[in-house]
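Engineer: Listed below, chain by chain, are the residues.
Protein chains: 2
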Amino acid sequence: MIGAGNVATHLGVELQKNGCHIVQVYSRTQESASALAGALSVPYTTSLANVCCDADIYMVALTDAAFQEQLPYIIKGREEALFVHTAGSLPMSIWEGKVARHGVFYPMQTFSKQRKVDFTEVSFFVEASGSAELALLKGLAGLLSPKVYEATSEQRKYLHLSAVFACNFANHMYALSAYLLKQNHLPFESMLPLIDETARKVHELSPKDAQTGPAVRQDWNVMSAHLDLLAEEPDVRELYEKISESIRQLKGQ
Amino acid sequence: MIGAGNVATHLGVELQKNGCHIVQVYSRTQESASALAGALSVPYTTSLANVCCDADIYMVALTDAAFQEQLPYIIKGREEALFVHTAGSLPMSIWEGKVARHGVFYPMQTFSKQRKVDFTEVSFFVEASGSAELALLKGLAGLLSPKVYEATSEQRKYLHLSAVFACNFANHMYALSAYLLKQNHLPFESMLPLIDETARKVHELSPKDAQTGPAVRQDWNVMSAHLDLLAEEPDVRELYEKISESIRQLKGQ
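Chain order of the listed sequences is A and B.
Plus 14 on top of the position in the first sequence (first one is 1) and you've got the working numbering.
Plus 14 on top of the position in the second sequence (first one is 1) and you've got the working numbering.
Hints are not guaranteed to be accurate.
Any copy, or any two copies together, can satisfy a pair, since identical chains are not distinguished.
Heads up, simulated EDC-like pairs for lysine to aspartate or glutamate below, C-alpha to C-alpha not over 20 Å straight-line [said to hold, decoys possible]:
hint	residue 1	residue 2
1	90	164
2	256	93
3	127	223
4	130	94
5	222	255
6	31	132
7	130	223
8	171	110
9	31	164
10	90	223
11	152	70
12	152	255
13	222	249
14	265	223
15	265	249
16	152	28
17	130	210
18	171	242
19	196	164
20	265	70
21	31	223
Just so you know, these hints were derived from the structure itself, not from any lab.
The following block holds chain A by itself, in its conformation from the complex:
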């Protein structure tokens, strides 16, 4: 396992739990490497030169920048193995011309170290250099989840971008809500039923049809009162305006 961040940690633990033999953990930082290696009871290293050479699969879960920088050292002396990365954002072509057997093993989920993930609810998108590698990655993902799909690098780019909106940006809307509540000494907990229902609704209705609130109603009285409340928060105020305008535009389409 090359990397010991949120994705590597959750995947490593879950793969091991499902019978995979994790050989070793690599991370640049001692703290992360030893934490994951400890959880898995396997050795670790903080030097790519000391990564074992006899693993069947090298699974890379690094930030994109670290990955691209370290790629030559990850493969060096291990060119016969199968290399995969877990990032939704990087194309499979990053491996081309470097190692023959390669692929992508992208779990589309939000991983936080502090929180357990139910892998049976995670969609996996896989892609591989050949049919044998594809079958292997599908089988590996299939150990963890029934939701295993093939996706090309082009499709995965848009999946990842869409996931940033549906997950990271939606979470930031929660965060801004929490921020405004805190400033007014109100509990964020009171929002949880609303957050849950908002998520549940889009299982039945398209998000566009599920939209409610002042922006989609074009209730200018309410919107202008809200902008007044945000007078001291110019950046949040600007976001309120832009998102409301975007809701209006999407409604018209």
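Since the structure of chain A is provided, determine the placement of chain B on it from the hints.
Structural biologist: Just chain B now, with coordinates in the frame of chain A:
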């Protein structure tokens, strides 16, 4: 019930189911008035002059603009009754000097006509002109949900603003995700596990601590690739930039 939109419909049906006697439905539009009146098996009118004068409570669930415009006609000849509105955005003072007994009955939830709401999961925020009215509204809300809180008009303004972020704006992030997926012939359903997990996470972690993704990691490679993918969508691109910047700012606080 003055109004027959999403809020009036869900509240009316649920109040009746819990033993309240709904006397009559008013809405400006025949279609909405007759639909809700049909669901409740009660008479309706599209003229405020024909609203009955002997109800104990007049519950107003109109858009803010319609409410303010129609307020004089809503109370005329009925000044002895208890008047409440369901809007989170309007202060209780809107009734002051007009009717003695008044209050606010704000269910903080997102209501769509097509979807059933579990009222036991709805937070109600109530406020009233006097202690008898407050007790009555608490009792009424208590018929529907165990989550009944008092909130001043000032607090409710911020609750409502925060709810717009946590619900309407979060839903718009889903909508933009769906839009991008559709343009690339990918199914929105693949996002549902991610959306669910994002909502579940903030029951355990603060949204700020729960944040993942390129913006909070400051992964410029990924962000710049995403901005390139959005080259043909300048408005969505701008939102991507502004929200990513807002995530960065909040992380630093």
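Engineer: Hint numbers the structure violates, sorted upward?
Structural biologist: 1, 2, 4, 9, 10, 12, 20 and 21
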